[in-house]
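Enquirer: All chains should be modelled from the sequences, with the hints used to inform the complete structure.
Sequential numbering of the sequence shown, starting at -12, is according to our numbering.
For the record, the hints were derived by calculation from the structure and aren't laboratory data. All the pointers check out, no bait thrown in.
The list that follows gives simulated cross-link-like pairs (lysine-lysine, BS3-like), each with its CA atoms no further than 30 Å apart:
#	residue 1	residue 2
1	K50	K265
2	K116	K130
3	K178	K50
4	K164	K64
5	K116	K145
6	K178	K128
7	K178	K145
8	K261	K164
9	K37	K95
10	K186	K145
11	K259	K189
12	K39	K64
13	K215	K159
14	K215	K41
15	K116	K50
16	K39	K130
17	K51	K90
18	K164	K185
19	K186	K261
20	K185	K77
21	K261	K159
22	K128	K215
23	K178	K77
24	K116	K77
25	K77	K51
26	K54	K265
27	K186	K206
28	K54	K39
29	K159	K185
30	K261	K239
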Amino acid sequence: MQGWKIKCVLLALIGVFIISYIYMNDAVIGKHQTEIHFLELPIGDCTLIKTKEKDILIGEAAKKDSKHIIQYLENQKSDNVIELIITSPKKTKIEGFINLIEKDKIKKIYVPHISELDTAANKFLNTAKDKGVLIYQISDKEKWEIDDLTLSFLRPSKNSTVPQSEKKAIIKLESSKLSILCLPPITDMDKRDLLLNKKELKSEILKISGAEKETLLTKDFLDSINPKTILFGDNTKVKEKDLRAIYEWNPKTNLFSIYQEGDIILYKDRKKYKMTTKRVMNIRIQ
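Expert: Below, the structure written as structure tokens:
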């Protein structure tokens, strides 16, 4: 009888140890998990990367997007150092970031080029400098290592055929479990330039936006990327011709749209990335 009691106590202690270990492990994972947010904005296209070290905002934003971005950051309790990567430094694509500068939310700004800027872009960068924000030009083939993510700048490139004034920041996000090619609105000229280095394009997820999506949804370009999932990152209804082009290329392609789903979030759950959307979260709440 005494031996049975000892066994019960030992089993209980082992159970407590296992539960404590799982809880502590989950707490550590939750604290250090990386999240990639594709924001639902009225006009622009922004991606927020949240890490334990810092938060990075990537993209372009019109004036109408400003309050939505600020509200989203507040809801996300984004108190980390925020670094801004502007994909295309032009007037209509940066106006939505001005309030972030004025509210001292941004510590560093990265741009694909600092020459041949329009008047509004020059004024924006000068305002940022006056507020103590550091400005950097993205280097050729620059790479960042943040938590488990690698940010590779495919463009700008010194070998690019794109004129200086039209150069954009094109980023590929990679981890051991995930690869995402984040394309801002690009032209046929940008596409031809990217195809000069086909090998670096291959990604599991392709994020696209802009009015000229049909430029991207061609067989040669999709073959080079070979995505399992295509994410429409702007807040416009997906056109029938774009859907047709994708399904003719590969009918098994997974499609997600900001317009349909709202904010889309990729988050790290233990060692795997999972996806959730604003629509899914709203359904769960109901």
